[in-house]
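The residues making up each chain are set out below.
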Amino acid sequence: MKDKKNFKLLILFCLIFSISLTYPKISKGNEQTIEKRLNEISNNVRCLVCRNQSIYDSNSDFANDMKEIIIIHLKDNKSDEFIYKFLKSKYGEYILFKPPFQINTLILWILPFILIISGLIFFTFKFLKFRKND
Amino acid sequence: MERKIKLIYEIGHISIIIASFLSFLSIGVFAFHFLREYSFFSTLIKNFSKIGFFFVLISFLILEYAFINSEFSLDLVVKNSHSTKPLIYKISGLWGNHEGSILLWILILSFFTYLIAKSKSIKSSEFHITVLGIQNIILFLFCIFLLFTSNPFARNIDPPLEGFGLNPLLQDPGLAFHPPLLYVGYVGLSVSFSFAIAILLNKKVEFEWFNHLKPWTLLTWAFLTGGISLGSWWAYYELGWGGWWFWDPVENASLMPWLISTALIHSITVTQKNNQFYNWTILLAIFGFSFSLLGTFIVRSGLLTSVHAFASDPTRGIFILVILALSTLIPLLIYGFKNTHRNETKYFIFSKETGLLLNNIFLITSTLTILIGTLYPLILETITGSKISVGAAYYNATFSPIMIPFIMIMAFAPFLGWKKTPQKSLLRNILIIFILAFISTFIVFKFNNTSIFGIICGYLSILLFFSVGFAFFKKLQNLKTLPLNYYGMLVAHLGLAVFLFGVTGEQFFKKESSNQIKINEVINIGDYSVKLENVKNFKIDNYLSETGLFKITKAKKFVGEVKSEQRFYPVEKTKTTEAGIFNFILSDIYITMGEGNLKEGWVVKAYFNPLVKCLWFGAFIMAIGGFLSLFSKTNRKYI
Amino acid sequence: MKIKFSNFLPLLIVTFFILIFAINLNLKKDDKKIDQLKSPLINQNIPKNPIRLFQKNEIVELKNVYDQLYAINFFASWCLPCKIEAPAIKLLSKKIPVFGIAFKDKEKNILDFLKTFGNPYDKIGVDKNGFLGIEWGVYGIPETFIINKKGQIIYKYTGPLDVDELEKNIYDLIKNER
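Taken in sequence, the protein lines are chains A, B and C.
For what it's worth, the working numbering labels the leading residue of the first sequence as 1, then goes sequentially.
For what it's worth, the working numbering labels the leading residue of the second sequence as 1001, then goes sequentially.
For what it's worth, the working numbering labels the leading residue of the third sequence as 2001, then goes sequentially.
Treat the hints loosely; a few may be bogus.
[Said to hold, decoys possible] Here are the simulated BS3-like pairs of lysine-lysine, each with C-alpha atoms no more than 27 Å apart in a straight line:
1) B/K1120 <-> B/K1203
2) A/K90 <-> C/K2106
3) C/K2083 <-> A/K90
4) B/K1424 <-> A/K126
5) A/K129 <-> B/K1338
6) B/K1204 <-> A/K126
7) B/K1204 <-> B/K1120
8) C/K2104 <-> C/K2038
9) A/K67 <-> C/K2104
10) B/K1573 <-> C/K2083
11) C/K2090 <-> C/K2056
12) A/K88 <-> C/K2038
Source of the hints: derived by calculation from the structure; they are not laboratory data.
Modelling step: build the complete structure from the supplied sequences, incorporating the hints.
Right under this line is the structure:
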């Protein structure tokens, strides 16, 4: 009986929380200037002559050349996807820090959520078992 | 004179050999006591462990002596030191390389073994022998690893006149202390490991023995917190990249044991309280040590590219892999066969047990998420040959969302009771905290623009502040009688709140700007203007510097001056960037100057990082929380 | 004594990881060379970008220059491994024509380099700003490509070529393509 009431409280709380999220000022990302886009993209591109740095972090020649090419594409109004696709076509998937969402990386992306869900299922079963033994 | 000096280093070498021999004898005692139980075995193994430590210490001090004296007949000193280096870096240079760092590991490991041998709190000699036996097995394996693959006392037949120098990035006080702190954390996990195995091996489950795990795990946790945050702080102000966490494989390798040891501390608490979570605690202790070995393995085997990696050598990698395999597979095998313990007492859904169960689930899931992110490129390459990269974008999409429910649970779990459902009034109060927190968030963010994630992060941080505050005020009447580990818990949780506050500021409100500017030109970040006043070139110590002087103003009023430089170290032939940081109380302005010249100007990056100091301040507070708990009466009893 | 399978699950998972590590270590043990990144340009047509010739006021398109097997070699005077691979490139040039591309270099330095280390190149192009290199997926010179009669890249090597690589992979490739 007590548990049921507690569940109700929990649901009430979740409702209030979600509603509250609509109040504060939410901004997507003001004007996406070329500089901002460059920073975002170069944070996602690997510097191939460095040890695990992005071209944003690196000052190497390669990193600077890459940034220049990206700026040219950005000034030409190309989209982020176009630029990523271009880099992928020349250097392969390895150059991008965000792993692709394809069949051979499915496990990579899905596993965290599978783990959480299995954890919660385990958790639920434990309590159902307790109830049964009541 | 020359003969005498050369001999001392051989003594250092022999010392380790003697220490390995003593640990081998300890293992022998441990093995034999399964066959026959002699009463003197206990004293024997304790003495071997204690004496073994002194030999390791001698070896370490002699190696340190070699570094301080720039003894170039030792290959290690040649490769990692230089006579013009400042003294403190000669000293810390010992562990700035693979061989020396293994010796440091062994030193800490044998010191902890010594402390356990000396411990008066372990009542069962059976237990004592087992723990020491396992510790010595690990020690022995590492000593053999050192002697056969990574000998720091290796000689140079033709000693050169000068050394190669120490990587200039390592010539920094922050980085000098980062490895020792981390290693205390990693090695501490071996102690929890040994205790857990000893409990597992025993015929009957002695729940009292779990009490010994707690102080050692707290020690590990506090030092890991300190070591990781010191590394992060160092990366921020020294590397000049403007970041403090890069999801680099080696960084991840240190974060995973930290998450596991956090889960372990909480899990042990449940086992101590009412003998629950036996499986969780044992498994967490085993995996804690596995993860710390994994970290060691990743850095030295060359399997993963990382800025932190030592020189890669697959032979060493194989050796460490064998140690990792043995220390994980054998205990898991034992666990598989021995795990017949089933003591399920019921607890209600709103009890502390539930909170901590969820805590375990979330922490372990986040650890496994980081693990899969770090290792997936390797796994994919092994199976299919294709190469991919897994970077910040992945972790932000997977690790961060998991943290959201985790921190919400963390906010109210301390108020729940053991086994029972809390009173309605308590639940009402908790709900009030949640509501208060989002009202505050609403107020704060009404005046500041940010994305939804920034708001969530800010909310979580404010929520934790309220949670700690409420917990503190609930006990206001009996502050004096509160056990120290309750304060420890409050302080540690407070530290996390401060840390999250820093993340909110630094991640979601930072401003950055970069441009190529000449002298007297300006870069603007937010309300601040940064003007390049001049650029000077000069030589100092062991490097050449090109330093830019920057003047910061806000609305035409002078704020401060900082210098940012490009350094070139001629001996090591490396260039480093030193950022110019102007410090406000919690935030800072961070300026880096790249290469350039008078004609074309220099590429200057300027950042305004709000609340960035909270990141490390928060971590520092967490570590203090850990130490407070460590020195509580209950925990002191069991060291 | 009841043995639960689920108790051995952690063991199995760990064994999997250890196997992965072991396999990888074994592979890495023999491979002392630079990690070759598999180029997505293999079996694709060459980039269409025209190339300016060195010291000549001409811009060419490679498909008009060669209709046989040939090699492209990105090099520079400031690049130390390029100096080391010069003899290997010379050997290669005896089998198939090698089109050199001077990468981010100055005219005088290129001339000095060719004088000191020899000129094995059939023709030489220039890539002043490195953008041509990016079109070819170049990231660490020297880099060598082999192109077949159909104008497809069939081989790419990053780093200094040595006789070993020539004998192990390149000569056979050339023989098969002829």
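Hints, verified against the model:
Simply put, B/K1120 and B/K1203 have alpha-carbon atoms about 23 Å apart, close enough for the 27 Å limit, and the pair holds. Note on A/K90 and C/K2106: the hinted pairing holds, with a Cα-Cα distance of about 26 Å set against a maximum of 27 Å. With a CA separation close to 26 Å, the supplied pair C/K2083 and A/K90 stays within the 27 Å bound. For the proposed pair B/K1424 and A/K126, the alpha carbon gap of about 24 Å is at most 27 Å, so the pair holds.
Distance hint between A/K129 and B/K1338 is fulfilled; the C-alpha atoms sit about 24 Å from each other, no more than 27 Å. A hinted pair counts as satisfied when its Cα atoms are at most 27 Å apart, and B/K1204 with A/K126 qualifies at roughly 26 Å. Proximity of B/K1204 to B/K1120 is assessed by CA-CA distance (about 22 Å); at most 27 Å being required, the pair is judged to hold. Among the hinted pairs, C/K2104 with C/K2038 is consistent with the structure: their alpha-carbon atoms are about 24 Å apart, no more than 27 Å.
For the hint linking A/K67 to C/K2104, the alpha-carbon distance of about 16 Å falls within 27 Å, and the restraint holds. Annotation: proposed proximity of B/K1573 to C/K2083 holds, straight-line Cα distance about 20 Å (limit 27 Å). Taken as a hint, the C/K2090 and C/K2056 pair is honoured in the structure, with Cα atoms around 23 Å apart against an allowance of 27 Å. For a cut-off of 27 Å, the pair hint linking A/K88 to C/K2038 stands: about 12 Å separates their Cα positions.
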